[in-house]
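Engineer: One-letter residues, chain by chain:
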Amino acid sequence: MSISMVKESMSFNTRKLLLKGNEASVYGALLAGCECFFGYPITPASEIANTSAEFFPKLNRTFLQAESEIAAINMVFGASAAGHRALTASSGLGISLKQEGVSYIATCELPAVIIDVMRGGPGLGNIGPEQSDYNQVVKGGGHGSYKCVVLAPNSPQEMCDFTFKAFDLADKYRTPVYVLTDGVVGQMLESVSLPDPIGKKPLPEWALAGTAETRRNMITSIYLDYDDLESVNLKLQAKYAEIMRNEQRYEAYMVDDAELIMVGYGIISRLIRSAVDTLRSEGRKVGMLRPKSLFPFPVDALRRLVGNADSFLCVEMSNGQMIDDVRLAIECSKPVRLLNRMGGNVPSLEEITGKCGEILK
Amino acid sequence: MSVNETVKFGRSKGFFETFDRRPGPIKKNMHYCPGCGHGILHKLIAEALIDLGMRDKMIVISPVGCAVFAYYYFDCGGISVPHGRAPAVATGMIRANPDSFVISYQGDGDLGAIGLNNFLQAANRGENMTVCFVNNGIYGMTSGQMAPTTLVGQKTATSPYGRSATNEGYPLKVAEMVAALESPIYVERVALTSTKNIRAARTALRKGLTYMREKRGFSLIEFLAACPVNLKKNASEADDWIENNMIPYFPLGRFKDVASDRSPIERPEPVFDKEKVVEALFPADSGLDWRKKEAKLRKELRIKCAGFGGQGVLSLGLMIAEMGQSRDINVSWLPSYGPEMRGGTANCSVVLSNNEIGSPIVKETNLLITMNQPSMDKFLPDLLPKGLLLYDRTNIERPDTDRRTYSVEAGRIAIELGNPKCANSAIMGAFAACLRGIEQVNYEEAFEEAIRKTFAKKANLVNLNIEAFRKGKESVKIENVN
Ligand SMILES: Cc1ncc(C[n+]2csc(CCOP(=O)(O)OP(=O)(O)O)c2C)c(N)n1
Ligand code: SF4
Ligand SMILES: [Mg+2]
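Here the protein sequences come in this chain order: H and E. Note that this note's numbering has the first sequence beginning at 1, numbered continuously upward. Note that this note's numbering has the second sequence beginning at 362, numbered continuously upward.
To be clear, the hints were calculated from the coordinates, so they are not data collected in a lab. A couple of the hints might just be wrong.
As the list claims (entries may be wrong) - Partial selection, computed: residues in chain H whose CB lies under 8 Å from chain E: (1) GLU67; (2) SER68; (3) VAL184; (4) LEU234; (5) LYS235.
To be verified - Beta-carbon label-pair distances, calculated as ranges: (6) ARG759(E) / LEU338(H): 37 to 47 Å; (7) LEU229(H) / ASN595(E): 26 to 36 Å; (8) ALA53(H) / GLU543(E): 15 to 25 Å.
The structure presented is a predicted model; accordingly, all values stated were derived computationally and were not measured. Yeah, the Cβ is synthetic: ideal placement off N, Cα and C, and Gly gets one too.
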C-alpha cells in the first residue's frame with residue numbers, strides 16, 4: 001500500500017492486518033515510539049524478538065539480541081535511564097532472570113515495558129501455555145517492596161493496544177509495566193487494526209541524556225540511611241496506591257444478574273466467554289469478570305459484584321495464583337472456587353461448563 | 362555538625378565542588394580508605410573529563426563494589442547499577458543515545474566474576490565505551506573475600522589457607538583475554554602505584570577516552586590497584602606488594618591498539634516520521650479493500666488442518682485465514698505448538714466466524730483437513746457428527762466414517778506440477794469446492810486472492826499454486842454424503 005492510500009483512508013486504523021499476538025505487540029511498541037528492543041530468544045515469546053529484528057532496523061531503531069535475559073533487562077535499564085522508550089520480552093524462566101533488574105528499575109523510578117508470554121513451569125517445564133508467572137509478575141517478583149503495572153491482553157488486537165498503552169503508563173508513573181499473556185495469545189493470529197503512530201517525544205528532564213543540562217542528573221537505588229530508604233519505599237507505596245485508584249481495568253460480561261461469576265484473564269477469558277454464552281443459552285445465570293489489569297487488580301469491580309453473586313469461579317492455568325487476589329478483593333465474603341489445568345493444558349469448554357453446572361447444581 | 366576536613370588533592374572541575382550527595386557530615390573527601398586505588402583513579406578520570414572536554418556528555422556508571430558511590434563525586438551523569446551489569450546498562454545507554462559517552466567502572470568481582478559474560482559480550486560487540494577495570498585482587502566492599510584475580514597463595518576471608526590453583530584455579534587474566542577478541546580496539550594494563558606507573562595509567566585512560574570520543578569502539582584499561590585495608594598493609598607497603606607480587610603475574614603493557622584501523626561507528630537517526638513509520642509497518646500488498654466484499658457464513662467454521670511438518674499445513678491454515686480476512690469474516694489461526702508438537706506432525710486451528718471468536722483452540726471440529734494418516738487417526742474422532750472431512754487421497758487410506766467426506770489427490774497433483782510443496786494449494790482448491798456445497802457464497806475468487814497475497818514475494822510460485830488450486834478444485838471427489 002502506498003502512503004497516499006493511507007492518507008486517503010485518513011489513518012491506518014481503518015485497515016487491518018493479520019498478525020500473531022507476538023507480532024502485534026511489536027507493532028504496538030513501534031507505533032508507541034519505542035526506540036530499543038533488547039531480548040533473548042525463548043519460546044513462546046520468540047516472535048517478539050524476530051519481529052523486532054525485522055522492523056526496528058527499518059526505522060533506524062535499536063534491535064539487539066542480548067547475551068541473556070539479565071543483560072536484556074539491564075540494557076533496557078540503560079536505554080530508559082537515557083530517556084528513551086525501551087522494550088524487552090521473555091517467558092517464565094527468562095522472567096525469573098530479569099527480576100533483579102526490574103527491582104532496580106522500579107526503585108530508580110524509570111519507565112520500561114516487559115512482555116511476558118507465559119509458558120509451562122516450574123523448572124524448564126515446557127513451551128505450552130500456562131499462567132504460572134502470575135505471582136512473580138503481579139506481586140513484584142524481585143527483592144523489595146515494589147510492584148509493576150501489569151496488563152493482561154487476550155487477543156492479538158490487545159497485544160498491540162496494551163503494549164502501546166504500556167509505554168504511556170510506564171512514562172506516566174515512571175515504573176516498569178508488564179504485558180502479561182500466555183502462549184496461546186502470543187502464538188495465535190487474528191485481525192488487528194493498528195493505532196496511529198506517535199511522533200518523537202521530548203526527552204524527560206530526569207534523563208541521563210549526555211547534555212550540559214542533564215549533566216547533574218543521577219539515578220540510583222542505594223540509600224545507606226535507613227530513614228532515607230524508608231522514605232523511598234513510602235514514596236513508591238504512595239505511587240502504587242495512586243495506580244490502584246486510577247488504573248483498574250476489566251471487562252464485565254453478563255454479570256448483572258449472575259449467580260456465578262467466573263474470573264479469568266488471557267486466553268482463559270475467551271473460553272469463559274464462550275462458556276457464559278453456552279450456559280446462558282441453557283438459562284443458567286453466569287457471568288464473567290475479566291481483569292485487564294492484574295496490578296492494579298480490579299478490586300472495585302469485584303466488590304460491586306459481591307452483593308449479587310452467590311459464588312465465584314476462578315479459571316486458571318496454574319496452581320491457582322490469581323485466586324488469592326479474588327478472595328482478598330471480596331474479603332472471602334462468598335465462596336471462591338478454582339478450576340485449573342497445568343503443564344500446558346488449556347481447560348476445555350466442557351470442563352468449564354461442567355464445573356459451573358456442578359456449582360449451580 | 363561541622364567536620365574539619367582537609368582536601369588531599371587539588372579538586373578538578375571533573376569533581377563536584379563539595380560532595381553533597383554523600384550522606385553524613387563529610388562532604389569534601391571521598392569515602393575511600395587512605396591509599397585506595399579507587400581514589401587515585403577517580404582523580405585521573407575527573408581530570409580527563411575536563412581536559413578532553415567530555416564532561417557534559419559523560420555518564421560514569423557506578424558498579425556494585427567500593428566504587429558504588431562514584432556518582433557522589435563526578436560532576437557528570439551518574440547511575441548505580443546491579444552487580445556486574447554495568448556493560449549491559451552502558452550498552453543500553455549508548456545504543457539509545459550514541460552521542461553520549463559512558464565509562465563502565467568495575468571492580469574485579471563485578472567484572473571478573475558475576476559480570477564476566479556481560480563484560481565480554483560488550484567487548485565482543487565492540488560497544489563504544491571505556492571500561493575502567495579496577496583489579497585490586499579482592500572483594501573490597503564485602504570486606505576481603507577472594508576475587509577471580511586473587512593471587513595463588515593469597516589469603517582472604519574466603520581463602521583463609523591461601524588461594525589454591527587446584528581449588529579455585531589461577532587468577533583471571535582479563536586484559537589478555539579481551540585482547541584476544543577481534544572487536545575491542547584498545548587494551549592496556551597499568552598500575553596505580555608509583556608516580557611513573559600512575560603517569561602511564563593517566564596516558565592509557567586518556568587514550569581509551571579519546572577513542573570513545575572518536576566513536577572507535579571498545580577500550581579496556583585494567584588498573585592494578587591497592588586495597589590496603591584488606592591487604593592489611595599501609596599505603597606504601599600495599600604498593601610494594603602490588604609491584605612485587607601482582608605485576609609479575611599481571612604484566613603491565615599494551616595488549617592491543619588497533620583504533621587507527623577502525624572507522625567510527627555510525628548509527629543513523631531513528632525514524633519517527635509518521636508516514637515513514639506507516640510505510641514500514643504496512644506491507645505494500647495489504648490494501649485489499651475487504652469492506653466492499655463482506656460475506657456471511659451460515660455458522661462458525663471451526664477448522665483443523667493437520668499433516669506432516671513439511672506439507673505446508675500451517676500455511677494452508679494461514680491462506681484460509683487470509684481468505685476469511687479478505688471477506689471481512691472474523692478469523693483466528695493458531696499453530697500447533699507446545700505439547701501438541703510431536704513426531705514431526707503439525708496442525709493448526711482456524712476459526713472463521715461472523716461473530717466474535719471465543720476460543721481459537723479448535724478441539725471439536727466441523728471441518729477437518731488431513732494430509733497424512735497419523736493426523737487422520739488422531740483428529741477424526743473430534744469431527745462433529747455434522748462435520749465435513751477433506752483428506753489427501755495420495756497419502757491416506759479411505760477412512761471408515763459416516764461423516765460427509767471429500768478427497769483429493771493433492772500430493773499427486775503437486776508432484777505432477779513439479780513441486781510437492783504446492784499440495785496445500787491443491788487441498789485449498791478442493792476446500793473451496795466443498796465450501797461451495799455448504800455455503801451459498803462463492804469463495805473461490807477470495808481463495809485465489811489469498812494465494813496471490815501469500816506468495817506476493819515469490820512471483821514464480823503464484824502461478825504454480827493457482828494452477829494447483831484449480832486442479833484441486835476440479836478433481837475433488839465426493840466419498841461419502843451423509
Ligand atoms: C547480586 C549481588 N550479589 C552480591 C552482592 C554483594 N557484593 C557487594 S560488593 C561485592 C564485591 C565487589 O567486589 P569488587 O567488584 O572486586 O569491588 P571492590 O569493592 O573490590 O572495588 C559483592 C559480592 C551484591 N551487591 N549484589
Ligand atoms: S576496602 Fe579496599 S577497595 Fe574498598 S575503599 Fe577501602 S581500600 Fe578501597
Ligand atoms: Mg575488587
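Engineer: If you test the structure against every hint from before, which numbers come out violated?
Structural biologist: 4 and 5
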